[in-house]
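K.L.:
Okay, here's what each chain looks like letter by letter:
Number of protein chains: 2
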Amino acid sequence: MTTEPVRILAGPLRQFTAAVFEKLGVPAADAAIAADILVAADLRGVDSHGVAHLAPFYVQRIRDGRVNVTPDIRTVAEDAATAVMDADRALGFVAGHRAMRLAMSKARENGAGFVTVRNSTHYGAGACYAVMALEEDMIGISLTQGGVAIVAPGGRGKGIGSNVISVAVPAGEEAPFVLDMSTGVVAGGKLELAALNNRPIPAGWAVDLDNRPVTDVKKVTGGILPLGGTPAFGAYKGFGLAVLVDILSSVLSGDITVPEMDETTSFPGRATHFFGALKVASFMPVERFKQRMDEMVRAHHALPKAEGVERIYLAGEIEAETERDRRARGIPLHPDVVASLRELGLELNTPDRL
Amino acid sequence: MTTEPVRILAGPLRQFTAAVFEKLGVPAADAAIAADILVAADLRGVDSHGVAHLAPFYVQRIRDGRVNVTPDIRTVAEDAATAVMDADRALGFVAGHRAMRLAMSKARENGAGFVTVRNSTHYGAGACYAVMALEEDMIGISLTQGGVAIVAPGGRGKGIGSNVISVAVPAGEEAPFVLDMSTGVVAGGKLELAALNNRPIPAGWAVDLDNRPVTDVKKVTGGILPLGGTPAFGAYKGFGLAVLVDILSSVLSGDITVPEMDETTSFPGRATHFFGALKVASFMPVERFKQRMDEMVRAHHALPKAEGVERIYLAGEIEAETERDRRARGIPLHPDVVASLRELGLELNTPDRL
Numbered sequence: 227m228t229t230e231p232v233r234i235l236a237g238p239l240r241q242f243t244a245a246v247f248e249k250l251g252v253p254a255a256d257a258a259i260a261a262d263i264l265v266a267a268d269l270r271g272v273d274s275h276g277v278a279h280l281a282p283f284y285v286q287r288i289r290d291g292r293v294n295v296t297p298d299i300r301t302v303a304e305d306a307a308t309a310v311m312d313a314d315r316a317l318g319f320v321a322g323h324r325a326m327r328l329a330m331s332k333a334r335e336n337g338a339g340f341v342t343v344r345n346s347t348h349y350g351a352g353a354c355y356a357v358m359a360l361e362e363d364m365i366g367i368s369l370t371q372g373g374v375a376i377v378a379p380g381g382r383g384k385g386i387g388s389n390v391i392s393v394a395v396p397a398g399e400e401a402p403f404v405l406d407m408s409t410g411v412v413a414g415g416k417l418e419l420a421a422l423n424n425r426p427i428p429a430g431w432a433v434d435l436d437n438r439p440v441t442d443v444k445k446v447t448g449g450i451l452p453l454g455g456t457p458a459f460g461a462y463k464g465f466g467l468a469v470l471v472d473i474l475s476s477v478l479s480g481d482i483t484v485p486e487m488d489e490t491t492s493f494p495g496r497a498t499h500f501f502g503a504l505k506v507a508s509f510m511p512v513e514r515f516k517q518r519m520d521e522m523v524r525a526h527h528a529l530p531k532a533e534g535v536e537r538i539y540l541a542g543e544i545e546a547e548t549e550r551d552r553r554a555r556g557i558p559l560h561p562d563v564v565a566s567l568r569e570l571g572l573e574l575n576t577p578d579r580l
Numbered sequence: 227m228t229t230e231p232v233r234i235l236a237g238p239l240r241q242f243t244a245a246v247f248e249k250l251g252v253p254a255a256d257a258a259i260a261a262d263i264l265v266a267a268d269l270r271g272v273d274s275h276g277v278a279h280l281a282p283f284y285v286q287r288i289r290d291g292r293v294n295v296t297p298d299i300r301t302v303a304e305d306a307a308t309a310v311m312d313a314d315r316a317l318g319f320v321a322g323h324r325a326m327r328l329a330m331s332k333a334r335e336n337g338a339g340f341v342t343v344r345n346s347t348h349y350g351a352g353a354c355y356a357v358m359a360l361e362e363d364m365i366g367i368s369l370t371q372g373g374v375a376i377v378a379p380g381g382r383g384k385g386i387g388s389n390v391i392s393v394a395v396p397a398g399e400e401a402p403f404v405l406d407m408s409t410g411v412v413a414g415g416k417l418e419l420a421a422l423n424n425r426p427i428p429a430g431w432a433v434d435l436d437n438r439p440v441t442d443v444k445k446v447t448g449g450i451l452p453l454g455g456t457p458a459f460g461a462y463k464g465f466g467l468a469v470l471v472d473i474l475s476s477v478l479s480g481d482i483t484v485p486e487m488d489e490t491t492s493f494p495g496r497a498t499h500f501f502g503a504l505k506v507a508s509f510m511p512v513e514r515f516k517q518r519m520d521e522m523v524r525a526h527h528a529l530p531k532a533e534g535v536e537r538i539y540l541a542g543e544i545e546a547e548t549e550r551d552r553r554a555r556g557i558p559l560h561p562d563v564v565a566s567l568r569e570l571g572l573e574l575n576t577p578d579r580l
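Sequence lines, in order, name chains S and V.
With the first sequence counted from 1, adding 226 to any position gets you the numbering used here.
With the second sequence counted from 1, adding 226 to any position gets you the numbering used here.
Hints were generated in silico from the structure; no laboratory data involved.
Hints are supplied without guarantee of correctness; some may be wrong.
To be verified - Below, simulated BS3-like cross-link-like pairs (lysine-lysine); rule was C-alpha separation at most 27 Å, straight line:
hint, chain 1, residue 1, chain 2, residue 2
1, S, Lys531, V, Lys444
2, S, Lys445, V, Lys531
3, V, Lys531, S, Lys531
4, V, Lys444, V, Lys416
5, S, Lys444, S, Lys416
What the hints assert, rightly or not - Computed spacing ranges between beta-carbons, pair by pair:
hint, chain 1, residue 1, chain 2, residue 2, range
6, S, Asp488, V, Thr229, 22 to 30 Å
7, S, Leu574, V, Gly415, 58 to 66 Å
8, S, Ala528, V, Arg425, 43 to 51 Å
9, V, Glu304, S, Glu569, 53 to 61 Å
10, S, Asn575, V, Glu304, 55 to 63 Å
11, V, Ala458, S, Asp562, 22 to 30 Å
12, S, Ala528, V, Asp290, 27 to 35 Å
13, S, Asp314, V, Pro426, 51 to 59 Å
14, V, Pro530, S, Arg514, 50 to 58 Å
15, V, Gln517, S, Glu489, 20 to 28 Å
16, S, Asp488, V, Pro428, 34 to 42 Å
17, V, Pro426, S, Arg514, 43 to 51 Å
18, S, Pro426, V, Thr447, 51 to 59 Å
What you are looking at is a predicted structure, and each value in this text was computed from that prediction instead of being measured.
Using N, Cα and C, we set each Cβ at its ideal position, and we do this for glycine too.
Chain S extracted, bound-state conformation:
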């Protein structure tokens, strides 16, 4: 049995994914947005947030009635540069796309736009929304509440969210700067991957219920540590960033934060978001800004390097390289993922198959 990845081009993968959502009752325009964002994550190399999760996450949640396929997404509060949206339990892709567009339209008018979203669901890879701003020469910001996964400093067991910070900044000839990070030492996907491949994890990623570092994923009875790891090495910074994201996404949108959730208020995949856009042209001529971004990138590349290091990578550079390669050669998917997608296509009788 081979585990060689199967390469599928972005176009057909997007078309197939959209067809799956349509078959589940998602309107065509929304299905196209959801497919775009899932495949965009795969193109960037964020495999943990791409089509591999289509069947187990999104399809399952639509079938469970957790996700509303025909939501009434409304703007419930608004100012010149801000808004609050209620997603009505929409697919996070659809709510996120609409909210990011609103933030950008406000930035177009006023220089800055910020939109919080309550009552939403998992929106995939945060960077996919931040990079939308690049098309209009804006800086894009995308934050989201993540599932409960992280141990607060002083806490016992996971109590706070694996919340995410994504920021995209346009450049000229260089790749755009795209930061896309969870506020834990590692994203939950890294542990899933280690479990799948039966590999140990480095001591310092996660702990048991007594806060002892463990290397066997099965023994992670506590949770993942916040970025920084332990208090002496900055855990309060990772913890602070995680809580900040929850405040901006949840409190500021009128929703609940991760430590407030229980069985009655939560369900797998619930989420809140916060989007922002800053229009570069409000600060300086766009061409000048992009030239300066290129110079900034090159100055980092030109820093003295450690022995054996050929290149210093800035946030988003590896993803840009991956995207170039995958656009040309297709997205490499695990054969099990391809099999599950083909099964889904048969079952739903999608017009196109993979």
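With chain S fixed as given, assemble chain V onto it according to the hints.
P.N.:
Frame of chain S, contents of chain V only:
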């Protein structure tokens, strides 16, 4: 010889500090702002950014002609929700205070306001500007370029800035949420303190030129590690946050970033900043928001605790306790600091002495 701290009340300390700045040619209103911010840092317990640095940092730089005591601080670009200011080498306190006020006035009108500042100097503790927003029920953001201190992943020796992220969020009965962090594993002040007290530092804070962790501060020939420490534990996140702060403060204001600096473009204490304000009332009624912040804080306090832990502290809670204590009992200063301030008072012939 005693090293017992000497307690001095905030009022007289502020008055003395303002008098020092005035004697050096700073206009009275600006001197009062600078003194306010320095003493506010001491009140919060950020001793590394308070009056202890008055003589060696600020007074010295004014005397060296690095800081312009009568600057022409100008807004060089502006939109409804954004602005760029040129600080004309002002004291960072004065430029920062003016820029944060501008961001708040834009947020008052439009819900959000963001102001970048170029050509400025060291502005002390970042939190002092973020908390200004609390007075008007806004969320405050304050970012600043720091001095070159951090080793980029893959780099050899310090190459990027000890850049700072500060965010303040108003609460009701609970202490406001105030995150105030450098994007390194530790702030440079922690190394200064260890050197001063001849104490070792934990392996993992800083490295030598060959990227080996060192515990003797004198052997830190490389620099401090980015938050996360090593790539396996999230160093690219700390690095990414540091670069992001430099982009928003420096590229977006039309100034240069840390890795672009050399002897011809830099001087000790140069800095750039980025300020933001989000008006809570644009998102929801202020009272409702504050109540929800209190509930969010209490939900974190109520999380299961590790053995022996009495309380989980959120960002800003310890500082709020420290401030209550120091307002009542005075700010504890090292006797050497008090001696240096008294000497400064004699030398400048300030009207009040400490």
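K.L.:
All the hints need checking, so say for each whether the structure fits it.
P.N.:
We went through each hint and held it up to the structure:
For the given pair, Lys531/S sits about 22 Å from Lys444/V by alpha-carbon distance, which is consistent with the 27 Å threshold. Taken as a hint, the Lys445/S and Lys531/V pair is honoured in the structure, with Cα atoms around 19 Å apart against an allowance of 27 Å. Distance restraint check for Lys531/V and Lys531/S: the Cα-Cα separation of roughly 43 Å exceeds the 27 Å cut-off, and the hinted pair is therefore not satisfied. Pair hint Lys444/V plus Lys416/V holds up; C-alpha atoms about 13 Å apart against a cutoff of 27 Å.
For a cut-off of 27 Å, the pair hint linking Lys444/S to Lys416/S stands: about 13 Å separates their Cα positions. Under the hint 22 to 30 Å, the C-beta atoms of Asp488/S and Thr229/V, about 51 Å apart, miss the expected range. Taking the beta carbon of each, Leu574/S and Gly415/V are about 59 Å apart, inside 58 to 66 Å as hinted. Remark: the range hint 43 to 51 Å for Ala528/S to Arg425/V is contradicted by a beta-carbon distance near 36 Å.
For the hinted restraint 53 to 61 Å between Glu304/V and Glu569/S, the CB-CB distance of approximately 57 Å keeps it satisfied. For Asn575/S paired with Glu304/V, a C-beta distance near 57 Å keeps the hint of 55 to 63 Å intact. About 27 Å separates the C-beta atoms of Ala458/V and Asp562/S, a value consistent with the hinted range of 22 to 30 Å. Our hint of 27 to 35 Å for Ala528/S and Asp290/V holds, since their Cβ atoms are close to 29 Å apart.
Roughly 56 Å separates the CB atoms of Asp314/S and Pro426/V, a value that falls within the hinted 51 to 59 Å. Distance hint check for Pro530/V and Arg514/S: the Cβ-Cβ separation is about 53 Å, which falls inside the suggested range of 50 to 58 Å. Between Gln517/V and Glu489/S the beta carbon distance is about 23 Å. The supplied range of 20 to 28 Å therefore holds. Between Asp488/S and Pro428/V the C-beta distance comes to about 38 Å, which sits within the given range of 34 to 42 Å.
Taking 43 to 51 Å as the suggested C-beta distance range, the pair Pro426/V and Arg514/S conforms, at roughly 47 Å. Pro426/S and Thr447/V have their C-beta atoms about 33 Å apart, which leaves the hinted 51 to 59 Å range violated.
The structure shown violates the earlier hints numbered 3, 6, 8 and 18.
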